[in-house]
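Undergrad: For this one, chain Z is given, so just place chain V on it according to the hints.
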Amino acid sequence: MNRFPILKIVITHLTSRKRQTIVSMLGVTFGITVFIFQAGVITGLQDFFIEKTINSTAHIHIFQNKNQKSPPVLRNVYSEDDTWISVPNIKSKNELPKLKRGLQIVEILESYPEVSGVSPSLSTQAIFKIGVADISGIINGVDIRKENRLFDLEQDMVSGSIIRLETVNNGIILGSGLAESLGTVLNDNITVVSPGGIALQMKVVGVLDTGLRDLDDSRAYCSIRNTQKLMNVTGSYITDINIKLEDVDQSGTLAREFESRFGYTAEDWKQANEGIFSVFRIQNIVTYLVIISILLVSGFGIFNILSMMIYEKMNDIAILKSIGYTDIDIRNVFLLEALIIGFLGGLIGLVIGFVISWITSIIPTNIEGFVSSEYLNINFDPAFYLLAFIFGLVATGIAGYLPAKKASKIDPINIIRSQ
Amino acid sequence: MKKVLEAKELNKYFYKPVEFHVLKDINLSVYSGEFASIVGPSGSGKSTLLYALSSLDREYQGQVLFNDIELKTLTNEKLAHLRNKSIGFIFQFHYLLADFTALDNVMLPGLKLGELPHEEAGR
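Protein chains in written order, with the working numbering: chain Z, 4 to 422; chain V, 1116 to 1238.
It is possible that part of the hints are untrue.
[As the list claims (entries may be wrong)] Facing chain V, according to a computed beta carbon distance under 10 angstroms, are these residues of chain Z, among others:
1. Lys11
2. Ile12
3. Ser19
4. Asn318
5. Thr329
6. Asp330
7. Asp332
[To be verified] Partner residues are not named here, just some residues of chain V that face chain Z (Cβ under 8 angstroms, in silico):
8. Pro1132
9. Ala1195
10. Phe1206
11. Leu1212
12. Lys1227
No lab work stands behind these hints, which were simulated from the structure alone.
Each residue gets a CB set at the ideal place from its N, CA and C atoms; glycine is no exception.
In isolation and in its complexed conformation, chain Z is listed as follows:
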C-alpha cells in the first residue's frame, strides 16, 4: 500500500460507482467478445477452406497452356527492329495439350527432396450416362495409388474403395454430387462418352465426397489407361502432373523452377485459387473494420464515463492535490481506473468470446454451398486472444489517458475558491 498510494483511491473509485464501472466494462467486454467470435468464425472458415483446397488441389500443377498464341511465322524472317508485322486472326497451332516425355518428367520430379508426391494424370470432358440421365463432367485418368498419396482420396470415400479402381477393369469413381444427379449407386454400370465420340461401359466402384462442391459435382476418376482409350491416344499420353511438396510455402519458388526447367506452365496452388484469396482479403478488411469500429465505440464509452467522473470528482481532485498528491498521481489514478476497466472487461470478453465460439463450434450447422461441412469450423488461435486483449487495453488506455491528463491539469485553488 505504501508503494502505491493511489491504488486505494482507484479501488475506492471503482467500487463506489459499481454500476458505472460495470457499464464501461461491458463496453469493452462486448467489443472483445465480438472480436474473438468474428475473427474466429471468419478465419476458421478461411482456414477450413484453405486446408480443403490444399488437400484437394496440387501444390504445383504442371500442364501445357493451350491458350498461348504462337507468334507469327514471319517473325522468323524479319527482325522486330526493322519491320512492322501485322497478322490478323492468328490461331494457335493444332497441338495436343500433351506433356512430351511426361513420364520422364515425373521421374525427375520424384528425385527432388522437396517433393513428397507426384501424380501424372490426364483429363478430358466427358458425358456420363445411365439410362436417359446424362450429365457432363470431367474425367480424370490417374494412377490411383499416387493420386491417393497426394489427395488422400481414401479418407473422402463415401462408399466403395479406391483400390478397386485397379482390380476392376473399367472401374470408375464418381464425385458424390455427380453420382447423386445421375442416380447411381455402387456397382452400377454407366456409360462414359468422350468429346471424340468414344463410349466406354464403366462400373462405379466408389463414390467420393471431398466437401468442395464444385469438384464433387463434376469430377470422376478412372485409370490412366481407360482415359487414354476414351481420348483415343497412345500409352505415354498425359496432360497434367500434380505435385505435393513437403513444405507448402515453397510452392511459389519451385513452380518457377519447374517452369523454366521443363518448359511447361507450372501453377502453384495460390495462383490456381487466386479468386478465393482476394475474396478472403476483402473479407478480412471488412472484419477488421467492424472490430475496430466496435472497439472505437467502447473506447468512446470509457472516455465519456471517465470525463463525467472527473467532472463529478473535481472536488476530490482538488483536495487530493492540496494534501500532497502530485499531478502525475492524479493522472495515474484515472489512467489506472481506465486500464483496470479495460483489463477486467477484456478478460471477461475473452472468456465469453471463447465460450460463444466453443458453443457455436459444437452446434451442427450442416453448411451446404461453397464448401460443405457438418460443423462451423472456428479458429481458436491464441494470437487472436492476445491481439484482442492488447487492442482492448490500448483502446481503453487512450480513452482513459485524455481525461486523466485533463484531470491532472486541474488547479486546486480554482475549485476550492469557487465554493
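TA: Just chain V now, with coordinates in the frame of chain Z:
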C-alpha cells in the same frame, strides 16, 4: 526560534469581475511552535491569504517563504510534496472525499507520504 513561514510584501489582486486589490503589502512571520490565528470580517481576505501562504495559490506579487524556501521557485511536484509533508488542511467547507471512510480521509496524506507503515498510519 526558527522562522517557519514568512510573507514579504504580499499583494494579491482579483481581476474578475472587476479589478480588486485584496491583500495589501502583507508582511507576516510565523515561528516554530507558535500558534497564530487570523481574524477579520468576512470578505476581508483571510482565506485568500491562507491559500497564498499554504502554496495553493501562487498568483500574487511579493514572496512567501516556507522554511526559507521561496514557494514560487518550486515546481508543482515539489510543492505537492511540501504540502503533503508539512502542511495540514482543514477547509472552511466540508471538504472530505465522499467515497472514503472518515479514517481513510485522515489517512490519505499519510499514505501518499508513505513514511509510516500502513498499520501504524491506520492506528
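Undergrad: Does Pro1132 (chain V) pass the interface check with chain Z, least Cβ-Cβ distance below 8 angstroms?
TA: 14 angstroms, violated
Undergrad: Can we keep the Thr329 (chain Z) interface hint, with Cβ of chain V closer than 10 angstroms?
TA: Because about 4 angstroms separates Thr329 (chain Z) from the closest Cβ in chain V, which is inside the 10 angstroms limit, the hint holds.
Undergrad: Interface hint check: Lys1227 (chain V), Cβ to nearest Cβ on chain Z, cutoff 8 angstroms. Holds or violated?
TA: 4 angstroms, holds
Undergrad: Less than 10 angstroms between beta-carbons is the criterion; does Lys11 (chain Z) satisfy it with respect to chain V?
TA: 6 angstroms, holds
Undergrad: Going by Cβ atoms only, is Leu1212 (chain V) closer than 8 angstroms to chain Z?
TA: 5 angstroms, holds
Undergrad: Under 10 angstroms, Cβ to Cβ, is where Asp330 (chain Z) needs to be relative to chain V, so tell me if that hint holds or is violated.
TA: With a minimum Cβ separation of about 6 angstroms from chain V (threshold 10 angstroms), the hint on Asp330 (chain Z) holds.
Undergrad: Under the criterion of a CB-CB separation shorter than 10 angstroms, is Asp332 (chain Z) in contact with chain V as hinted?
TA: 7 angstroms, holds
Undergrad: Quick check on the hint: Ser19 (chain Z) CB to chain V CB, less than 10 angstroms?
TA: At about 4 angstroms, which falls below the 10 angstroms cut-off, the nearest Cβ of chain V leaves the hint on Ser19 (chain Z) intact, so it holds.
Undergrad: With 10 angstroms as the cut and Cβ atoms as the points, is Asn318 (chain Z) at the interface with chain V?
TA: 7 angstroms, holds
Undergrad: With 8 angstroms as the cut and Cβ atoms as the points, is Phe1206 (chain V) at the interface with chain Z?
TA: Where the cut-off is 8 angstroms and the nearest Cβ of chain Z is about 7 angstroms from Phe1206 (chain V), the hint holds.
Undergrad: Is the interface hint satisfied for Ile12 (chain Z)? The criterion is a beta-carbon contact with chain V at less than 10 angstroms.
TA: This interface hint holds because 8 angstroms falls under the 10 angstroms limit.
Undergrad: Would the hint on Ala1195 (chain V) be counted as holding, given a Cβ-Cβ threshold of 8 angstroms to chain Z?
TA: Cβ of Ala1195 (chain V) sits 4 angstroms from chain Z, so the hint holds.
Hint 8 from the earlier list is the only one contradicted by this structure; the remaining hints agree with it.
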